[in-house]
Structures are given as C-alpha cells and as structure tokens.
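Asks: Kindly produce the complete structure, drawing on both the sequences and the hints.
Quick mapping for you: the protein sequence lines, in order, are chains B and F. For my numbering, count along the first sequence from 1 and bump the result up by 185. For my numbering, count along the second sequence from 1 and bump the result up by 185.
Among the hints, a few may not be true.
Pairs involving identical chains hold if they fit within one copy or between any two copies, as the list cannot separate such chains.
[Unchecked claim] Derived lysine-lysine pairs resembling DSSO-like cross-links, with alpha carbons at most 27 Å apart:
{"no.": "1", "residue 1": "K220", "residue 2": "K296"}
{"no.": "2", "residue 1": "K193", "residue 2": "K268"}
{"no.": "3", "residue 1": "K296", "residue 2": "K388"}
{"no.": "4", "residue 1": "K296", "residue 2": "K335"}
Hints in this document: simulated from the structure, not taken from any laboratory.
Protein chains: 2
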Amino acid sequence: MTNNPIVKGKLVCVALNDSDQFEAMQAEFSEAPYKSAPTQPVLYFKPHNTWSTEGAEVEWAVTEGQPAEEMVVGASLAVVFGKECCRVSPEEALDYVGGYTLVHDFSLPEKSYYRPDIKGKCLDGSAPIGGSVVPASDIADPQALTVVTKVNGEVVNEMPMTRSVRGVAELISTISYIMTLQPGEVIAVAFPGQRASVSKGDKVTSEIAGVVSLNNQLGQ
Amino acid sequence: MTNNPIVKGKLVCVALNDSDQFEAMQAEFSEAPYKSAPTQPVLYFKPHNTWSTEGAEVEWAVTEGQPAEEMVVGASLAVVFGKECCRVSPEEALDYVGGYTLVHDFSLPEKSYYRPDIKGKCLDGSAPIGGSVVPASDIADPQALTVVTKVNGEVVNEMPMTRSVRGVAELISTISYIMTLQPGEVIAVAFPGQRASVSKGDKVTSEIAGVVSLNNQLGQ
Numbered sequence: 186m187t188n189n190p191i192v193k194g195k196l197v198c199v200a201l202n203d204s205d206q207f208e209a210m211q212a213e214f215s216e217a218p219y220k221s222a223p224t225q226p227v228l229y230f231k232p233h234n235t236w237s238t239e240g241a242e243v244e245w246a247v248t249e250g251q252p253a254e255e256m257v258v259g260a261s262l263a264v265v266f267g268k269e270c271c272r273v274s275p276e277e278a279l280d281y282v283g284g285y286t287l288v289h290d291f292s293l294p295e296k297s298y299y300r301p302d303i304k305g306k307c308l309d310g311s312a313p314i315g316g317s318v319v320p321a322s323d324i325a326d327p328q329a330l331t332v333v334t335k336v337n338g339e340v341v342n343e344m345p346m347t348r349s350v351r352g353v354a355e356l357i358s359t360i361s362y363i364m365t366l367q368p369g370e371v372i373a374v375a376f377p378g379q380r381a382s383v384s385k386g387d388k389v390t391s392e393i394a395g396v397v398s399l400n401n402q403l404g405q
Numbered sequence: 186m187t188n189n190p191i192v193k194g195k196l197v198c199v200a201l202n203d204s205d206q207f208e209a210m211q212a213e214f215s216e217a218p219y220k221s222a223p224t225q226p227v228l229y230f231k232p233h234n235t236w237s238t239e240g241a242e243v244e245w246a247v248t249e250g251q252p253a254e255e256m257v258v259g260a261s262l263a264v265v266f267g268k269e270c271c272r273v274s275p276e277e278a279l280d281y282v283g284g285y286t287l288v289h290d291f292s293l294p295e296k297s298y299y300r301p302d303i304k305g306k307c308l309d310g311s312a313p314i315g316g317s318v319v320p321a322s323d324i325a326d327p328q329a330l331t332v333v334t335k336v337n338g339e340v341v342n343e344m345p346m347t348r349s350v351r352g353v354a355e356l357i358s359t360i361s362y363i364m365t366l367q368p369g370e371v372i373a374v375a376f377p378g379q380r381a382s383v384s385k386g387d388k389v390t391s392e393i394a395g396v397v398s399l400n401n402q403l404g405q
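Replies: In structure tokens form, the structure reads like this:
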C-alpha cells in the first residue's frame, strides 16, 4: 500500500458541489424518500487504504472477482489543514488552511446518490493526493482557481470554483461544526458533477494552471 | 482530542446487521428508491476525530450551535486486524484477526437509513474503543459472544452475535474485497438495531461477560 506524506487522519470529500449538476438533479431530488434537494453539504470519506500519491499507478478495480467494466475519475481542489479547526466561522475559516493541493477520486460509476457507495469509493489506492502542497499564503483567493483534468492529453473536465454550490470558506466552517479537523487532514471541496470515464492504461492529469498538477495512470 | 492506542488507519462500522431490525424494516426497504432490502453489508466510517478510549467522557453533541436534544448509543463487538487482509475467503478470514474488543458508537438519532448520516455519526470522541484487546487465540468462536449494554446500571441492549444477519468471518471476507484492512484497523461488526437513548451525565457500560468491558460517561 502506498503511503502518502501529505494526508493524515482523514480525507473528507464533498459531493454534489457542482452547481450545474445540482440544477440538473432537481427532478431526481424531488423523488422519494427525500422529495427535496439536500440542504447541507453531502460528505463522504476516502479511507486510509485509498490514499495514494503523485505518479502512482492506480489499480484497475476488481469487483466480485472480475475486473470492473468501467471506472470514473473526478479531480478536486483540496485544502490541507495547517492547524486544528473546530467550529470556526466562514470569515476565519481560511486561516486554518495550511495549503492547497489536488485529489483524484477514482471510483466505480455511481448508480445513485442516496446510499453511501462504500464499495465503489473505497478501492485501494483510488485517492491520489498531490503532487505538492502550495502554501495557503500563495493563494489569494481559492474561489478564483480552476481545476482542469485531461485523460491521455484531452481535456475531459474543467471545474472553476466559481461553479461550486458552496465555497471553500463556507465548507470549512460547516464541516468544522460536524467534526474537528487536525493538521494534515484534507477536504476535497468540489468535484465536477460529471465524472470522466477512464479505461485501463489511461493517463489522468489534473492541473491548477501555474499552481499544482497531479499525474496518475490506470493499471492494466 | 483523545488518542486511542488500539485503532489505526480506519474504523469501519457495519449497519443493519441485527436480524430483528432487518426483519422489522422490510416495509421500509420496499419503498423508493430501492424497493428491496440491501443485498450487501451497509457500511459507514467513524473517522479519526471520533476515536476515544475506555473511561473517556463523551462530549454532549452540539448541533447548529445548540446542545442536541437527544443522543443514542449502540455497542458492538469489534475485530482488530493483526495482519494485512485483502480479498480473503470466509474460511480463512478469522486468521487475520489479531484480537477482539468493543466499540461504543454514540451519535445523533438517525432519521433514515438512506443517506450517510455524517453529521450525526462523526461527532468528536463519539467512538470509544476498548477497554482492552483480547487476543484472537482466546476466543474460540466470535459468533458465541453476546454484548450487553447498560445505562446507569440498567440493561438497555443485548446483542448476541447469533442474531446478526452476517457473521464475523463473512463480513471480514466481504469487506476485504472492498478495501484492504491493515494491522490495527477495526471493524465493528454488529450493533443492536435499536440504539439506546442517553442523557447528559449517563454512564454507559458494555460488556462481553468474562472477556472485555467498555465504560464511558456522557458529558454535561
């Protein structure tokens, strides 16, 4: 198992934070059992066995003894906490960020947003984090950042933080009221709603131009 | 934050593994969106900030700036892995167990089994683990164990492993195909379906008779 030197303790991911996707799902939200859109951030964890690194090969998923038919990937801006963060306001939230990096979330395609898709989300090595941590002091406004993802050199996703339902400061504040974040813990704040389909051997590169890039390749 | 010397990496909890509860929920399972009972174990994580210890006081939950009206607790037999466990059969699964212990899962009451209740499940210090780890070699058959939970000395729950939908070996096998477990990682295998309501200051004690006990008290 690959150890990642950046993340410690926990990696929290925010789902449904792409406003384009959120709008497109209104009909689905209106169905049972909820009959309305979620009013709070929808969170999931990528546990310890998923953490991987810049440059790592990502194992092709095996489910029920067979190689998976399809995998998908999304990339997100991620905040790495620099100090303990518990019940902070949005106004002070960014003071707790030590730096910014990228997360690749490789998974099985999701069939539904209702039940926690542990099986699809917790594949070994499916959450590379990196390539580096850019000090928070170098980023004047995280909302101005855009994550661009390419598969084999072709752009498959662009996620400007201006398209997020909730911004970085609001998310840090809200999550810090749910659970304490420790130094080295990571929140991946905004994946594009449409994950990109990937095949065996594909090269996946995500980048915030001039800031940080993350490169991985799918195994065979 | 309390550090727990037993658990490392991740604490995986199995939901809906009480056959009494499972039977009682058949009508709910038949509703949208699933229209049938789950066919696989339903899992959730208690992350790093939740891990606590034997004897620790458990902070009374604060939600949306106010003390919670109610908290609940369930206790479970837990396996602590002794060696790396990846894609093992039920027949060999118990060979990977280093020892057995108890987990208290304190949370907000759950309104639904559909969406991952991160807010209610991830309260700081809400997962005491212990008091000790009993070596696996001392437990001939984990399915023969019963966890009894008392609140202020009164029995509120008894969960014999014979009442679980899935046994320890089957769960280890199934989960090991979803994610690799490392030494020191923990699976809480079977909570009683009916969590017990607790109040500020309550003393919660769970015990496997003659094997291990875990004692906590709610804060004010």
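Asks: Now tell me, hint by hint, if it's right for this structure.
Replies: To see whether the hints hold, each was checked on the structure:
In this homomeric assembly, K220 and K296 come within 27 Å of each other (Cα to Cα) both inside a single copy, at 18 Å, and across copies, at 15 Å. For the homomeric pair K193 and K268, the shortest alpha-carbon distances inside one copy (12 Å) and between copies (21 Å) are both at most 27 Å. In this assembly of identical chains, K296 and K388 lie within 27 Å of each other by CA distance solely inside one copy; the values are 25 Å within and 42 Å between copies. For the identical chains of this complex, K296 and K335 are intra-copy neighbours only, at 24 Å inside a copy versus 40 Å across copies, given an alpha-carbon limit of 27 Å.
Taken one by one, the earlier hints all hold for this structure without exception.
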